[in-house]
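Q: These are the residues of each chain, in order.
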Amino acid sequence: MASNPYSFGETDQVLVEEKSSARIFTLNRPKQLNAVSFQMVSRLLDLFLACEEDPSVKLIILKGKGRAFSAGGDVTAVVRDITQGNWRLGANFFGREFILNYVMATYSKPQVSILNGIVMGGGAGVSIHGSFRVATENSLFAMPETALGLFPDVGASYFLSRLPGFFGEYVGLTGARLDGAEMLACGLATHFVPSNKISLLEDALCKADSNDPAVISATISELSLVPNLKEKSDCHRLNIINKCFSRRTVEEIISALEREAADKEDEWISSTIQSLKKASPTSLKISLRSIREGRLQGIGKCLVREYRMVCTVMRGEISKDFFEGCRAILLDKDKNPKWEPSRLEQVTEDMVDCYFSKINEEGWEDLDLPRRSNIPPCAIAKL
Amino acid sequence: MEKVNFRTQILNGHLQNHRHATSTAAIISASPCVSYVPPEVSEQPFSFDVSSMRKLMDGHNLGERDWLFNLMVQSKLFNPRLRGGKVFVVPDYNHSMEQQREITMKRIEYLLDHGVFKGWLTGKGPEAEMKKFALLEVIEIFDHSLAIKIGVHFFLWGGAIQFFGTKRHHDRWLSATENYLIKGCFAMTELGHGSNVRGIETTATYEANTGEFVINTPCETAQKYWIGGAANHATHTIVFSQLNIDGNNQGVHAFITQIRDENGNVCPNIRIADCGHKIGLNGVDNGRIWFDNVRIPRENLLNSVADVSPDGKYLSAIKDPDQRFAAFLAPLTSGRVTIAASAVYSAKISLAIAIRYALTRRAFSITANGPEVLLLDYPSHQRRLLPLLAKTYAMSFASNYLKLLYVKRSPQLIKTIHVVSSAFKATLTWHNMRTLQECREACGGQGLKTENRIGQLKGEYDVQSTFEGDNNVLMQQVSKALLAEYVAAKKRNKPFKELGLEHINRSCPVIPAQLTSSMLRSTQFQNDIFCLRERDLLNRFAAEVSQYQAQGESKESAFVVSYQVAEDLGKAFSDRAILQIAIEAENNVTDASIKNILGLLRSMYVLVTLEEDAAFLRYGYLSTDNAAAVRKEVAKLCSEIRPQALALVSTFGIPDAFLSPIAFDWVAANSWSTVEN
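First to last, the protein sequences are chains A and B.
Residues in the first sequence are numbered from 1 upward in steps of one, following our numbering.
Residues in the second sequence are numbered from 1 upward in steps of one, following our numbering.
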């Protein structure tokens, strides 16, 4: 353990405040919308592990500086690393990040994440696994990976699959955006607190001086309210989402949506179909299977599987969509990725299988998760 | 004083937050207040890849299985309940019989709406059939009633239309059945006749002037009994009747009869009564049916085997009534295949629960002030559960083999399928019942709780040993079939070439006088001793039957009195067939760590069979010295398999939600805070 785990330099990507028994960690890359970098992940991991051992710490508050909580993993850096060197550098990043996700999911002390802004991809990974997620009217959640040629990672196959009905498949495959009210309604957020009360909330939490989840929950509840869902909210669409997104394959999901569209003109259905058609076919197929397997697994198994998947994605042997997606969306910004394979039916079952298998390469190993003594029962599944 | 200290320690434990103690290891061993430690944390890391092993165990259609598990977990209809921080889906068996039947029907509608049954009757080929089997197995893991109600509709009613019917029946009924536009049942068994189908008393009389059959229940013992679906929901039935034409009985034939109208009202001249509450399977509406001269059109005869012309001529390509009858019974084979497979999954559920519990529950310390010992660290507890685990592995391979054999069926294979499916149905269902009882006891009082599944499964699965062929009757048929092979081979002086009896053509294996540990674990020895038993028992059975016949007994009564050897022989056939399938499965594995554990399990399967079946000592295949060596080796194998126990039940493809609270944090599941008040 470092002699002073809370020490930090000026350029530190995570700011640390000590307030009585609470620790407030602030993601500090506002210009990059707090994109989760290797450095940030490493720092957070050290901090979380140190705080777990430190009996004087009872509560962790995690928030973002600026208008985002975190817009996701720093994929451009990863892609740069991979194209310059080899994919192992990328694997290193994801491995670290997933271990952080795992530590958070199995953490023995309450973690309150204040999601006052954008929460996407890797940003969801460092918050949703924690015990309390506070949304505000500024919250904007999405898992946009399928449009990037990736798949919902950071343990998303665990938390998306546990949303009501087949809402997780919907959110994970289409990259649908949810606001704070919707996050609360579907369970991604545990509370909704108006943003003007956030500083009051922080004070109250620090004053609470407790590690008892019931006390923390009651403290947040005092400032929280139940917002109205907007009229056109996806949460009102649960019936049709369940009907279509429960289908066995991506192809069947799309044809179920198309059948619905044939029955009636509906902007939501056509835009849902649109986003599926724009996403990487390979990404869609591996994402669906990942969520389906995730529903039957514990968080550890989910992360081990996602690590196999992300390494296969980075190796680019089956598809290079991740690089193409990053080029089209993040670098060239032409928003016109050329996916390969370009059609769903070209992505065979065997190709999908490869993403879920061990990687046959010298020196590669499955993600080695730290052994945790207090895994919550819901986090362990055997398969 | 000791007591006072103990109390203080407990109070301390309550007051202090355990998580802040310096060492987690200390909490586990020294805390006097028993705490739950997940086996994933306390057990060694797995020595083989669990997902590869799952592929071997489930064998096929893993994606479809997981999809269906997902469908059930995500629906409120499947009664999700939060216990100890985890969601479990299991039917509410505290519901009344009526409630269980209604919710079962609602679950079927949900599965139908989500396309689970797509292609179950209209799909063609082995792949479609294997997928159907996989999905049915998943449904069985949730609830046996649900699976049986679906099985009756698709496999019995639907299967009868498929196999006994011709194009006109297929066109009219298959797609309608697949979409539940009608609900089918299968009226074969009567109050007076079960396994002996040829003795049923219901009649179907042809009237040439109207072109109709008249179906009638002539007496009380002819009432159709145990007809799944008949009591509440079925609209149509296949009714098995003695066909009478011009006063001549042509034997048992199958007819389609409507029993309810589209509004669910019972049709005229049909009487239906309930079979009432049962020891299990109360989600299935078993009923009784009486037919009061019900008239049905001539076309309702399922006429693939035999037909009646409009002017009342009986037409059949199969002249021999015995063979004709055998052709009628063919669809029951698919029932036996699914029963055998589901028995294995039921055993897997109970073993996964009992072993996970035994890895977290402690009882008694064996050193002064030492921690209490984990149940599974007692060799006696290992001996109770691990041999059953090993058998379940072997039988898992056997059930996958049987399914493949069935879907690749051809006229040449009919006999093999009949014999193997009979033997495996009996062996696997008996194994399941035995496993359930042992696992129930191994969980102590917790095994009594319905929410923990095992006890309830005993009631739910007990029926398997008698339906679709009474196990004892099936095993006698196996022995008879073996004897027929024997007689045929001897008569024509030709080698055995079917049913796996080829080993009898070789010279008789010799068992070494002193068996060492490595011999006991060799496939050579294991195969030899199982083959020796089968061959010797077949000789003895043949000799006994022919001796009785020489004394003037009929062939049938000779069989009846030779039941003891017949029973031993049936078991010998089944065990040997299972072993050979397990060896082959093991040989096909390339991964060394999986091969290694499969080898241990196979040895356990064989040696525990040697230990338990008295035939090995009775007929001298094992000397008493060797029997002692076997017993010693079983104990050794227990201790070698013990470290892998968690991994071995983690490969069963059963999601946590389908196990039970005692398989996980049973302290949290039972804490005061969860008490509803």
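Calculated from the structure, these hints are not laboratory results.
C-beta: ideal position from N, C-alpha, C; glycine also.
One thing to keep in mind: the hints can contain errors.
Taking lysine-lysine and the DSS-like style, the derived pairs with C-alpha atoms no more than 25 Å apart in a straight line are [claimed, not checked]:
(1) B:K497 with A:K243
(2) A:K243 with B:K106
(3) B:K480 with A:K243
(4) B:K458 with B:K480
(5) B:K118 with B:K167
(6) A:K358 with B:K55
(7) A:K243 with A:K232
(8) A:K358 with A:K278
(9) B:K497 with B:K415
(10) B:K595 with A:K243
(11) A:K320 with A:K278
(12) A:K207 with A:K278
(13) A:K358 with A:K335
(14) A:K65 with A:K207
(15) B:K408 with B:K491
(16) B:K76 with B:K449
(17) B:K449 with A:K358
(18) A:K277 with A:K207
Label pairs and their in silico Cβ distance ranges [to be verified]:
(19) A:D203 with B:K76: 48 to 54 Å
(20) B:H170 with A:P164: 38 to 44 Å
(21) A:D368 with B:V667: 25 to 31 Å
(22) B:G123 with A:R177: 38 to 44 Å
(23) A:P164 with B:N94: 24 to 30 Å
(24) A:P30 with B:A592: 27 to 33 Å
(25) A:E267 with B:K106: 44 to 50 Å
Q: Give a verdict on every hint.
A: Results of checking the hints against the structure:
Of the pairs offered as hints, the one joining K497 (chain B) and K243 (chain A) is violated, with about 53 Å between alpha carbons and a cut-off of 25 Å exceeded. Between the alpha carbons of K243 (chain A) and K106 (chain B) the distance comes to roughly 16 Å, so the proposed pair stays at or under 25 Å and holds. Proximity of K480 (chain B) to K243 (chain A) is assessed by CA-CA distance (about 53 Å); at most 25 Å being required, the pair is judged violated. In summary, the hint linking K458 (chain B) to K480 (chain B) is not supported, as the alpha carbons are separated by about 31 Å, beyond the 25 Å threshold.
Proximity of K118 (chain B) to K167 (chain B) is assessed by CA-CA distance (about 20 Å); at most 25 Å being required, the pair is judged to hold. With a CA separation close to 14 Å, the supplied pair K358 (chain A) and K55 (chain B) stays within the 25 Å bound. Our distance criterion of 25 Å between C-alpha atoms is met by K243 (chain A) and K232 (chain A), whose separation comes to about 18 Å. For the hint linking K358 (chain A) to K278 (chain A), the alpha-carbon distance of about 29 Å lies beyond 25 Å, and the restraint is violated.
A hinted pair counts as satisfied when its Cα atoms are at most 25 Å apart, and K497 (chain B) with K415 (chain B) qualifies at roughly 13 Å. For the given pair, K595 (chain B) sits about 43 Å from K243 (chain A) by alpha-carbon distance, which is inconsistent with the 25 Å threshold. About 16 Å separates the Cα atoms of K320 (chain A) and K278 (chain A), which keeps this hinted pair within 25 Å; it holds. Distance check on the hinted pair: K207 (chain A) and K278 (chain A) sit about 48 Å apart at the alpha-carbon level, beyond 25 Å; violated.
Between K358 (chain A) and K335 (chain A) the alpha-carbon distance is near 33 Å, which puts this suggested pair outside the 25 Å criterion. Using a Cα cut-off of 25 Å, the hinted pair K65 (chain A) and K207 (chain A) holds, with the two alpha carbons roughly 22 Å apart. At most 25 Å may separate the alpha-carbon atoms for a hinted pair to count; K408 (chain B) and K491 (chain B) exceed this at roughly 31 Å. With a C-alpha separation of about 22 Å, the suggested pair K76 (chain B) and K449 (chain B) falls inside the 25 Å cut-off, and the hint holds.
At roughly 40 Å between alpha-carbon atoms, K449 (chain B) and K358 (chain A) are farther apart than 25 Å, so this suggested pair is violated. About 50 Å separates the Cα atoms of K277 (chain A) and K207 (chain A), which puts this hinted pair outside 25 Å; it is violated. Checked against the hint of 48 to 54 Å, the pair D203 (chain A) and K76 (chain B) fails, with Cβ atoms roughly 40 Å apart. Between H170 (chain B) and P164 (chain A) the C-beta distance comes to about 41 Å, which sits within the given range of 38 to 44 Å.
The beta-carbon spacing between D368 (chain A) and V667 (chain B), approximately 29 Å, falls within the hinted interval of 25 to 31 Å. Hint check: G123 (chain B) to R177 (chain A), Cβ distance near 40 Å, so the stated range 38 to 44 Å holds. Between P164 (chain A) and N94 (chain B) the C-beta distance comes to about 26 Å, which sits within the given range of 24 to 30 Å. Distance hint check: the CB atoms of P30 (chain A) and A592 (chain B) are about 53 Å apart, inconsistent with the given range 27 to 33 Å.
Between E267 (chain A) and K106 (chain B) the CB atoms are about 33 Å apart, so this pair departs from the stated range of 44 to 50 Å.
The structure fails to meet hints 1, 3, 4, 8, 10, 12, 13, 15, 17, 18, 19, 24 and 25 from the earlier list, while all remaining hints are met.
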